[in-house]
Every structure is written in structure tokens, then in C-alpha cells.
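**Student:** Sequence:
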Amino acid sequence: MSTLIDQLTQLQTALTKLRDKYQFASSELTRIKAQPTITADQLQAVQAELNTSKELQQNLEQQLARQAEEYQALEQRYQSLAESHNMLSTEYEQTQNQLQIFTAQNQKLIEKNRVAAEHTKLVLERLAKIDSEN
50 MSTLIDQLTQ
60 LQTALTKLRD
70 KYQFASSELT
80 RIKAQPTITA
90 DQLQAVQAEL
100 NTSKELQQNL
110 EQQLARQAEE
120 YQALEQRYQS
130 LAESHNMLST
140 EYEQTQNQLQ
150 IFTAQNQKLI
160 EKNRVAAEHT
170 KLVLERLAKI
180 DSEN
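Heads up: the sequence shown begins at 50 in the numbering used here, then just goes up one per residue.
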């Protein structure tokens with residue numbers, strides 16, 4: 050994402066330089082038009098440079114607009130991923146809490162089963178003893 054920002058910054062710098070160049074060419078053209086000693090070839094060269102600068106500026110502005118759209122799409126995707134991460138983190142914490150509760154309940158049940166098994170063993174031993182006495 051930082052490369053996109055860098056590209057946008059570079060594009061902005063290029064647009065600024067192009068605008069300055071356009072203004073210079075425009076002022077130069079105005080100055081040349083005011084002087085009657087200019088040749089038609091010189092005027093056409095400046096006019097061609099001005100037209101080229103205009104086209105380049107338009108292209109750079111279109112590129113800037115496209116990259117701004119791409120940046121916006123990436124920003125939306127980042128926000129979506131951040132929200133998803135937050136949801137998954139919350140669900141993970143809830144699941145961990147449930148796991149701890151279930152583990153504690155399981156330990157209690159294991160202990161109850163152990164106690165019940167001991168009682169059953171005692172009862173069976175007493176019954177066996179009673180049977181053997183009779």
C-alpha cells in the first residue's frame with residue numbers, strides 16, 4: 050500500500066512539474082506572440098510543445114485518478130479484512146473460554162466417575178462378602 054502512496058506522490062510531483070512547464074511554455078508563447086520578430090516555425094514549435102504538455106498532463110491526471118481509485122479499493126479491502134480479523138479474534142476468544150469451561154466440567158465429571166467407581170467397588174465387595182458369609 051505504501052508503494053501506491055509513493056506512486057501517487059510521484060504522480061503528484063510529475064503533475065506539478067508538468068503544470069510549471071505548461072505555465073512556462075504558455076508565458077513563453079505569449080511573449081513570443083507579442084514580438085513581431087518570431088518566425089512561424091518557432092511559433093509552431095512552441096505550440097507543439099504546449100500541446101504535448103497538455104496531452105501529457107491529461108494522461109497523468111487520468112493515471113492519478115486510476116491510482117486513486119485503486120488506492121480506495123485497497124483501503125476498502127483493508128477495512129474489510131480488519132473487520133474480519135476482529136470478528137475472528139472475538140470468536141476465537143469465545144471458543145477458548147468455552148473450551149476452558151468444558152475442560153473444567155469434564156474434570157468434575159471424571160472425578161465424579163472415579164468416586165462412583167470407588168463406591169461401586171465397595172458395594173460389590175460388601176455384597177460379595179455377604180454372599181460368602183451366607
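If you are wondering where the hints come from, they were derived from the structure by calculation, not from laboratory data.
We put the CB at the ideal spot given by N, CA and C, even for glycine.
A few of these clues could be false.
Quick list of in silico lysine-lysine cross-link-like pairs, DSS-like style, CA-CA up to 30 Å [unchecked claim]:
| hint | residue 1 | residue 2 |
| --- | --- | --- |
| 1 | Lys103 | Lys70 |
| 2 | Lys70 | Lys82 |
| 3 | Lys66 | Lys82 |
Each pair of labels, with its calculated beta carbon distance range [stated by the list, open to error]:
| hint | residue 1 | residue 2 | range |
| --- | --- | --- | --- |
| 4 | Ala131 | Leu78 | 28 to 38 Å |
| 5 | Thr79 | Leu105 | 19 to 29 Å |
| 6 | Glu160 | Ser133 | 34 to 44 Å |
**Student:** Could you run down the list of hints and mark each one as holding or not?
**Tutor:** Structure-based check of all given hints:
Only pairs whose Cα atoms come within 30 Å are accepted, and Lys103 paired with Lys70 is accepted, the gap being roughly 10 Å. Restraint check for Lys70 and Lys82: the C-alpha separation of about 18 Å stays at or below 30 Å, so the hint holds. Restraint check: the Cα-Cα separation between Lys66 and Lys82 comes to about 24 Å, which is no more than 30 Å; the hinted pair holds. Range check, Ala131 to Leu78: Cβ separation about 52 Å, and the 28 to 38 Å hint is violated.
The hint said 19 to 29 Å for the Cβ distance between Thr79 and Leu105, and at roughly 20 Å that hint holds. In this structure the supplied range 34 to 44 Å holds for Glu160 paired with Ser133, their Cβ-Cβ distance being about 41 Å.
Taken one by one, the earlier hints fail for this structure only at number 4.
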